[in-house]
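**Q** Residue numbers (the working numbering), protein chains in the order written: chain A, 86 to 426; chain B, 86 to 426.
Just to be clear, a hint being listed does not mean it is correct.
Same chains, same label: a pair holds when it works inside one copy or across any pair of copies.
As the list claims (entries may be wrong) - The calculated SDA-like cross-link candidates involving lysine to any residue, where the alpha carbons are at most 25 Å apart (straight line), are:
id : residue 1 : residue 2
1  : K391      : G138
2  : K126      : D302
3  : K341      : V404
4  : K191      : G426
5  : K191      : R313
6  : K90       : R101
7  : K341      : E104
8  : K348      : P117
9  : K90       : T274
10 : K90       : E104
11 : K364      : G267
12 : K341      : G120
13 : K90       : A103
14 : K364      : Q94
FYI, nobody ran anything at the bench for these hints, they're computed from the structure.
2 protein chains.
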Amino acid sequence: MAARKAANQLGRQTLRFAEPPFVAASYAIAGPVEGAGAFGKEYDMVLEDDLWGRDTWEQAECRMFEEAVRGALQKEEIPMSRVDCLIGGDLLNQIVSANFAARQLKLPFLGVYGACSTMAEALLLGAAMISGGYFSCAACTVSSHFCTAERQYRMPLEMGTQRTPTAQRTVTGAGCTLLSAGVGLVQVTLGTVGKVVDLGVTDVSNMGAAMAPAAADTIFAHFADTGRSAADYDLIVTGDLGIHGSELLRELCRQKGLELGKKHFDCGERVFLPEQDVKSGGSGCGCSAVVLNSHLMAGLRSGAWKRVLFLATGALLSVDSSQQGESIPGVAHAVVLERRG
Amino acid sequence: MAARKAANQLGRQTLRFAEPPFVAASYAIAGPVEGAGAFGKEYDMVLEDDLWGRDTWEQAECRMFEEAVRGALQKEEIPMSRVDCLIGGDLLNQIVSANFAARQLKLPFLGVYGACSTMAEALLLGAAMISGGYFSCAACTVSSHFCTAERQYRMPLEMGTQRTPTAQRTVTGAGCTLLSAGVGLVQVTLGTVGKVVDLGVTDVSNMGAAMAPAAADTIFAHFADTGRSAADYDLIVTGDLGIHGSELLRELCRQKGLELGKKHFDCGERVFLPEQDVKSGGSGCGCSAVVLNSHLMAGLRSGAWKRVLFLATGALLSVDSSQQGESIPGVAHAVVLERRG
């Protein structure tokens, strides 16, 4: 097998979208606690309660996933028939929120799983598939829900378990970015596929620490592959490292000579307000999804930021892997969002 | 947003790989029961027991996943550094087998989840990413393990629960198809992305019935998109419908005027021998993976079949979704494998 370099590959991990798709619509649905948070006024919809008229939290999460897609389409008056593929996932076992939403939406569906990195993974694949001429429109969508995540990963909510200072609160929310072929204001120009990185963290109440090394790894891979530096970006966004994980990321970057400073924005660190006392901040794939599809897209559209490196980070554990004594590996995928002109 | 058709899109669901990647290597590892089955002599490796030297079945499954990739590379003397991306998943919660294997392999990693359809989903994405010029080599890999699946989805094995006639046995096995840019004997030329189909089956011991409608849906979508018919294929392979699901698929096709007859080959129906008494056959994403990467690839290489439509089908349920009264949706993704000349 002869060695060859792919035409749209930079370095080993970075993809160039030769015909970059644009963001045709974005939509963010958030839960009530999130609605009272820092970006509450920027979400397209804020739920009044966690069940949203359904019998179970899981059904409510599935409804959020589905409505994020419908909301994005309605906002820009795009018919469902225009969407060639739904690409997405969530945190529940067997990504059931995404599966059942895909059933309701009747769209061709590619399920992906990257834990809390799923928003970036879906965008990367969606952009690659559109630039590659396979689809003209893809709905990249993810969700998470505080109550379903607690039930699955932690303790019954009814127990009122105390949380450690490094614990994060899973964001109840869903976000959809509708990518389209053609020319528009905000484009996806590059993507960097993450490697799985594990520095041996075993504390399931400190996901930020488990994910920060993966974020650093992908940032440095992106810079090495593209020849760029932090100076080329207005903002370097991470998904849900939270307060402690963000500190660790900045320290890991500092050790390698990169001062992130005010360029770094972590959705988990920022999504809740300090007075909400959610410990180390927000987490879950809904965290980066709701912030990206409201606050960040608005800033890109307005020109507040012209070029954003958006990374979402995932902790790749399961309840079983932790119970079997495994450490917590992390992964971070990245995409570059650019405003034209 | 103007309507437009993507250059490499046929109909709505089918992708054309303009520069079709070829199968640079394939590797199948199977468990001991599978080794005693119909294709036992064709697997690259057969385990002597279910733990394979590890402490837990989950760790053994992860090892199979990892070794499938290493085995494929070693077989064709391809260095790990040549692989641009690992694309794959498994059936365990949060696809931990794939995640932990990706950590060991140190490859850029895209996790996907399509339940037992994951082998086809990984091949479809791998082929699209290579033909699109993003990667020159991708390792498309999946695994499943009878003991980990029973523990997670069903009953403790120690209980010796009786199985219904429609129940299938999850295949212990992992398969890796290494796709490469360039020209080789067996190519991946088309892919069809499945829709999630749900006819309301709720019997978790009858996955074949839950998945058969999705298989039929994707077969007809593929024919409609491409203008082809069954006559254009030497073999139409499904992943793990099993004996009862295969019967149902043939009936569903017959109702729409398509007589699959001897062209249809279901990996689940064939993977075990009748005297092994595994009820309705094999299942799990390892089922289609081990048969594809041994028996089917050998047949394609030898010229026994020149053009194969390979579909893998997934039942998109979780333990929680079933406990909450949901029915079982299914999905089927397809790729076309062709022998040159």
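**Q** Run every hint past the structure and note whether it holds.
**A** Consistency of the hints with the structure:
With identical chains, the CA atoms of K391 and G138 are never at most 25 Å apart, being 40 Å at best within one copy and 53 Å at best between copies. In the homo-oligomer, the alpha carbons of K126 and D302 never lie at most 25 Å apart, since the shortest distance is 34 Å inside one protomer and 42 Å across protomers. With identical chains, the CA atoms of K341 and V404 are never at most 25 Å apart, being 33 Å at best within one copy and 45 Å at best between copies. For the homomeric pair K191 and G426, neither the shortest alpha-carbon distance inside one copy (37 Å) nor that between copies (38 Å) is at most 25 Å.
In this assembly of identical chains, the alpha carbons of K191 and R313 lie at most 25 Å apart only when taken from different copies (23 Å versus 41 Å within one copy). Taking CA atoms no more than 25 Å apart as the test, K90 paired with R101 passes in both settings, with 13 Å inside one copy and 21 Å between copies. Neither within a single protomer nor between protomers do K341 and E104 lie at most 25 Å apart by alpha-carbon distance, with minima of 33 Å and 40 Å respectively. With identical chains, the CA atoms of K348 and P117 are never at most 25 Å apart, being 29 Å at best within one copy and 55 Å at best between copies.
For the identical chains of this complex, K90 and T274 are neighbours both inside a copy (19 Å) and across copies (21 Å), given an alpha-carbon limit of 25 Å. In this assembly of identical chains, K90 and E104 lie within 25 Å of each other by CA distance both inside one copy and across copies; the values are 19 Å within and 14 Å between. For a Cα distance limit of 25 Å, the shortest separation of K364 from G267 qualifies neither inside one copy, at 43 Å, nor across copies, at 52 Å. For the identical chains of this complex, K341 and G120 are neighbours neither inside a copy (37 Å) nor across copies (50 Å), given an alpha-carbon limit of 25 Å.
In the homo-oligomer, the alpha carbons of K90 and A103 lie at most 25 Å apart both inside one protomer (15 Å) and across protomers (17 Å), since each shortest distance falls under that limit. In this assembly of identical chains, the alpha carbons of K364 and Q94 never lie at most 25 Å apart, being 40 Å within a copy and 47 Å across copies at closest.
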